[in-house]
Every structure is written in C-alpha cells, then in structure tokens.
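Visitor: Take a look at the letters that make up each chain.
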Amino acid sequence: MSESDSPDDIGTSPDSLDLSPREPSARQRRQRRPWLAMIVLLLVVAAGGLVLTKFLTSAIDYYCNVDEIGAKEGCEAGRRLRIQGIVDVGSVTDNATATEFSISFGGVSLPVVYEGEPGGIFKECIPVVVHGILRDGVFNGDRIEVKHSNEYEAENPDRIAGETDKGSECSL
Amino acid sequence: MSNDRATSTPFTKGLGFFVVLGIALLIILGIFVSPADVNQGESVRIMYAHVPGAWLAYLAFVMTAVSSAAYLWKRTRSLTWDRIAGASAEVGVLFMGISLVTGSLWGRLTWGTYWTWDARLTTTAFLFVTYIGYLAVRGLGGTHQQRARRSAVLALLAVLEIPLVHFSVELWNTLHQEASVAGRGTDVEMNGLMLFTLFLGVVVFTLMYIWLVLHRQRSLMLEDMLDDSGLDNALSERRAEATQVGH
Chain A
14 MSESDSPDDI
24 GTSPDSLDLS
34 PREPSARQRR
44 QRRPWLAMIV
54 LLLVVAAGGL
64 VLTKFLTSAI
74 DYYCNVDEIG
84 AKEGCEAGRR
94 LRIQGIVDVG
104 SVTDNATATE
114 FSISFGGVSL
124 PVVYEGEPGG
134 IFKECIPVVV
144 HGILRDGVFN
154 GDRIEVKHSN
164 EYEAENPDRI
174 AGETDKGSEC
184 SL
Chain B
18 MSNDRATSTP
28 FTKGLGFFVV
38 LGIALLIILG
48 IFVSPADVNQ
58 GESVRIMYAH
68 VPGAWLAYLA
78 FVMTAVSSAA
88 YLWKRTRSLT
98 WDRIAGASAE
108 VGVLFMGISL
118 VTGSLWGRLT
128 WGTYWTWDAR
138 LTTTAFLFVT
148 YIGYLAVRGL
158 GGTHQQRARR
168 SAVLALLAVL
178 EIPLVHFSVE
188 LWNTLHQEAS
198 VAGRGTDVEM
208 NGLMLFTLFL
218 GVVVFTLMYI
228 WLVLHRQRSL
238 MLEDMLDDSG
248 LDNALSERRA
258 EATQVGH
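Protein sequence lines correspond, in order, to chains A and B. Add 13 to a position in the first sequence, counting from 1, and you land on the number used in our numbering. Add 17 to a position in the second sequence, counting from 1, and you land on the number used in our numbering.
Do not take every clue at face value.
[As the list claims (entries may be wrong)] Incomplete in silico selection of chain B near chain A, CB under 8 Å:
{"id": "1", "residue": "Leu126"}
{"id": "2", "residue": "Gly129"}
{"id": "3", "residue": "Trp189"}
{"id": "4", "residue": "Asn190"}
{"id": "5", "residue": "Gln194"}
Quick caveat, the hints were computed from the structure, so don't treat them as lab data. Idealized CB from N, CA, C, for every residue including glycine.
Could you build the full structure based on these sequences and the hints that come with them?
Guide: So this is what it looks like as structure tokens:
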C-alpha cells in the first residue's frame, strides 16, 4: 500500500492538489444570494405603502349616508362623495342614456342620475353606494356599488309578490 | 425511498382521504343541494369557499404567532416550532388568496365591482401583503436560528392586524357587509341549509389546513437537513477529489 492511498495525506503534496476557489454549487448560490426574497420584500414594502395610503385616503368612512350630506365632516356638498342610501320604491326609470332613481337614508331622499346601467344586483329597496358629485340638488353618479346585507334567505319561487317580509314599502 | 425522507404518515394519508371526501361533499352541498339566495341568486354559493378561506387564514396566522412564541420561549428555541410557523403562514397565504379571489368574483356579481378600497378590503389586502413579506423574510438567508428569530418577531407583530381586519366592518362604514355568523348580533340571519353548508366548509378547510401544514413542515425539515448536510458534503467531495488526484 503506497502512502498516497491514505486520505490523511491530503494537503501534503501541494503540486497534486488544485486549491484554487471553485464555482459554488447551485444550492450554495441560492443560500448566499437570496435575491428573490429581497425583490419580493421590496415589492411588499411598496405594496404595503400603497395599501396604507388607500386606507388613509379612501377606506376610513368609505361613504356618507344621505342624511349626512352637509352635516358630517367630509360629507360637504360640492366635493366628490360616495353616498349610501336605499333605492326608493318605484323611483327607478331608465332612458336611453341614463338611469334615474332616488335613494333614502334617515328620512332624507336624494335624486340620483347615473350614466348607464347599474351592475351587480341593483334593484329597489336595496342599499347602494353611489360615487359622484352633487350638483343642483341632483347627485350625478359615475359608479354604483350594491351593498349587500348580512342576511341570507333561500329563494322561494312559490312566494307571492308582496308577501316578502319587506312588504311593498321598504322598511328599514 | 426510505420512509424518513417522505412527508406522509399513516395519519396524514387517512386525513388526506377525509379531506378529498369532504371537498367532494362540500361541492355537492354547495353547488347542488343548498338553495339560491333571494337577493344574490346563485352567487351566494361562493360564500362556502370565501368565508372558510378567510377564517382558516386567520387561524393559520394565529398558529404562526403561537408557534413563533413557542420558539422564542427561552427554554425551547426548537426549529420544529419555527418550521410549523413557516408552514402555517404559507398555508394561510394560500387560503387568504382563495378568499380574496372568490370574494372578488362575488363582488363583481353582487356589488357590480371586483374591487374597491373600503376598510375591510383594504385591511385584508394589507394582511395578505404582510404575510407575503413574512415569507420573504424567511427566505433572506443566514442560519436557521437567525431565520427563526427574525420571522418569529415579525409573526408576533403581524398577528395584531387580524382584529383590525375582523372588526373593520364595525369600526368604519364599509361596502363589505358585517359578519353574519361571528358578528356581535344575537341572531344569525341565515337559512339553515346555507348555515350547515358553511359549517361543513369550515370543517373541510380546517382538515385541509392540518393536512397541508403537516406535510409542509416536514418538507421544510428535509430542506433544513439538506442545508445542514451541505458543508459535510462539500468536505467529503473535496476529500474524494483529492484522494483521486493522489493516485
């Protein structure tokens, strides 16, 4: 058995050993340079900032109720508003370009003109949030969101119209 | 393949079977058996994935915080707790994603819009982004103990956002409705079969959560073992190389 067969001899014959630095393996590279994690973290910080801005500018008190216009801070007429109210019975009329209806909340009613066809489950007696500007007593809406309640009731095809618990007039 | 390299056990195999069975049952009840809603129509069925997704994401993030606290407890410092925290956060992000996507589709059908910046949606987006950040922090490198310490501190802070998200619908005017089942109101305003289907959804999602976390924390353990073996491997490779050169 020659001496060079023994593993303990490693390093004793420098001529035969290549000690220059070697390329790190793929796995070692991944550990040393977590670029992906850093990029994700930067994106997260940016997105977090955007969300926080939205929270402070939009999310706190998302809407004003109809009876709060001009009465509550941030609900002044003349500025861009989001108004919440319940669509009045029999108030919805469609013409070629616009949908007109009125919404009520807290005993105050507000006429609304909306350019287009409202989406979602828009109908009478349902709460909606209308985005727009109040001009000459009429609210000019450009976006309507239907606010669903937290009530869930089975659809019953046998129910006679008017027999629903809401009755023919919307009860708040 | 030897069994210590697998992530499944007889328990997870049995659990997986019940998860698949539960999902099938939930689909049957949610899509075919439970009734349509008087206002929302068929889109009410989205609730059976949306609500359990959100609740289990909360639970997952709470579990991440609890495991992180267990790791930081001075006598433990066990990486098993750290891996459970990481696995739970990953599954939580997945479930929050499910809740966001299904909620967005429901919003399009019911509200008439996919997204709006009201308090519930905004705080939920913030929670989602926070936990993606948490996962990124876990991937920053360093030793396993460094990773565990950093992420544990972050997890204990991030969990404080959950009450803000849950009570956002009561604290502020929101487009999103208030809680139907876990709210402060006395009565649950929900049809019985709908409520049962929702309950089933929560059970199925809970089983799915446990199943995914068990597998994931074991695969994280294997990853850590692989990292730890890296240095030993490098040494033995060099040794083998040198021995060959010596010949």
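Visitor: Going through the earlier hints one by one, which of them does the structure break, listed in rising order?
Guide: none
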